[in-house]
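J.: These protein sequence lines map, in sequence, to chains A and B.
Residues 6 to 195 (this note's numbering) make up the first sequence, in order.
Residues 6 to 195 (this note's numbering) make up the second sequence, in order.
Some hints here could point you the wrong way.
Since copy identity is lost for identical chains, a pair holds within one copy or between any two.
Stated by the list, open to error - The calculated DSS-like cross-link candidates involving lysine-lysine, where the alpha carbons are at most 25 Å apart (straight line), are:
{"hint": "1", "residue 1": "Lys34", "residue 2": "Lys23"}
{"hint": "2", "residue 1": "Lys43", "residue 2": "Lys146"}
{"hint": "3", "residue 1": "Lys92", "residue 2": "Lys23"}
{"hint": "4", "residue 1": "Lys43", "residue 2": "Lys114"}
{"hint": "5", "residue 1": "Lys38", "residue 2": "Lys188"}
{"hint": "6", "residue 1": "Lys64", "residue 2": "Lys146"}
Since the hints were made in silico from the structure, they are not lab data.
Number of protein chains: 2
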Amino acid sequence: MSDDNSQIKPWELISSSKALDERWFSVRKDVVKLPSGKVLDDYFVWESPDIVVIAPFTKDGKFVLCEQYRHAINTVLYQLPAGGVGKNETAEQAAIREMEEETGYVSSKVTFLRTVSVYPTKLTGLNHLFLAENAVPEGVKEEDEMEPTRIVLKTPEELWALINDGSVHIADSLITILLAFKKLGLDKSL
Amino acid sequence: MSDDNSQIKPWELISSSKALDERWFSVRKDVVKLPSGKVLDDYFVWESPDIVVIAPFTKDGKFVLCEQYRHAINTVLYQLPAGGVGKNETAEQAAIREMEEETGYVSSKVTFLRTVSVYPTKLTGLNHLFLAENAVPEGVKEEDEMEPTRIVLKTPEELWALINDGSVHIADSLITILLAFKKLGLDKSL
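Given only the sequences and the hints, what does the whole structure look like? Please build it.
T.: Structural data, given as structure tokens:
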């Protein structure tokens with residue numbers, strides 16, 4: 006373990022070009038110099054969008070989940086409302102917007118929980134996680150043909166069971182739920 | 006909320022082609038038919054590898070973390086040992102191998118915790134999470150110029166503090182740690 010006390014250094018970016026220049030999928034090809042001096046001429050990075058995830062928690066103690074289809078893993082699953090941050094909005098504004106669009110719920114108390122990275126070697130985007138308390142279905146749910154959504158309400162106990170049987174397994178949703186359990190003081194009893 | 010009781014259907018794959026055909030980054034361009042009938046002719050999917058993450062927990066009650074550089078977010082950070090699953094190994098074998106290669110630790114008790122998806126709309130890969138109890142530094146740490154690694158040992162309280170100040174923010178590591186806390190009965194006291 007000779008390097009245990011050495012400083013970890015970033016790579017040096019020598020040059021960068023577009024490997025895939027698509028509106029929804031822009032991939033960069035970086036030429037980088039490693040701390041060892043070695044040069045890699047094909048390190049690929051997806052310039053992915055920043056994402057928001059929000060856990061709506063109703064006045065009567067239920068979480069609002071979305072049942073949706075996810076194409077890359079070809080699965081219909083439960084997750085929290087989530088989506089990309091638009092150009093002219095903050096992460097919190099995006100989270101509030103996504104919650105209303107996908108579920109029809111609005112909230113009088115939105116709290117920032119944490120920012121995480123889901124794939125820091127290859128994806129530039131960060132995921133910003135929020136909790137929405139006192140959620141009520143008084144907003145306008147939007148129909149989105151890209152993302153048909155069925156709304157499901159679950160108590161913390163029911164949601165914990167869904168997590169344990171693998172039905173809720175999207176990383177950013179799962180962290181948001183676990184941090185929300187802690188924030189709401191529900192974790193001690195689960 | 007007219008679609009709340011309707012069944013959520015998968016998309017129909019009409020055809021697929023390679024948009025980027027690189028050894029470390031293979032991107033598929035799918036033509037898909039949505040449940041609405043609309044056809045999308047450019048839905049991109051990164052055929053990403055399956056990943057393993059493992060939380061080594063020592064006999065004297067410390068977690069073994071890796072300080073490493075992550076290029077896409079240009080940050081030096083703490084995370085658990087992790088890596089791709091090889092062609093001729095199971096996820097558990099890969100996790101045990103990655104733990105020894107990155108940290109030099111081996112364990113007599115490896116437990117599967119959960120499989121998660123970090124980006125189910127765009128990445129095919131799944132992440133398999135493990136806990137390694139009774140971890141001891143009796144293996145062989147490998148020097149990897151792509152991934153120089155400094156090993157850091159943290160008590161659960163120190164690790165929870167690092168999570169709360171944002172120093173540990175990689176999604177799969179974070180879930181593994183939170184589930185390990187629960188499995189080890191540490192969560193009630195944090």
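J.: Hints first: check each against the structure and report whether it holds.
T.: Do the hints match the structure? See the list:
For the identical chains of this complex, Lys34 and Lys23 are neighbours both inside a copy (6 Å) and across copies (17 Å), given an alpha-carbon limit of 25 Å. For the identical chains of this complex, Lys43 and Lys146 are inter-copy neighbours only, at 21 Å across copies versus 52 Å inside a copy, given an alpha-carbon limit of 25 Å. For the homomeric pair Lys92 and Lys23, the shortest alpha-carbon distance inside one copy (21 Å) is at most 25 Å, but the shortest distance between copies (30 Å) is not. In this assembly of identical chains, the alpha carbons of Lys43 and Lys114 never lie at most 25 Å apart, being 51 Å within a copy and 37 Å across copies at closest.
In this assembly of identical chains, the alpha carbons of Lys38 and Lys188 never lie at most 25 Å apart, being 43 Å within a copy and 41 Å across copies at closest. In this assembly of identical chains, Lys64 and Lys146 lie within 25 Å of each other by CA distance solely inside one copy; the values are 19 Å within and 51 Å between copies.
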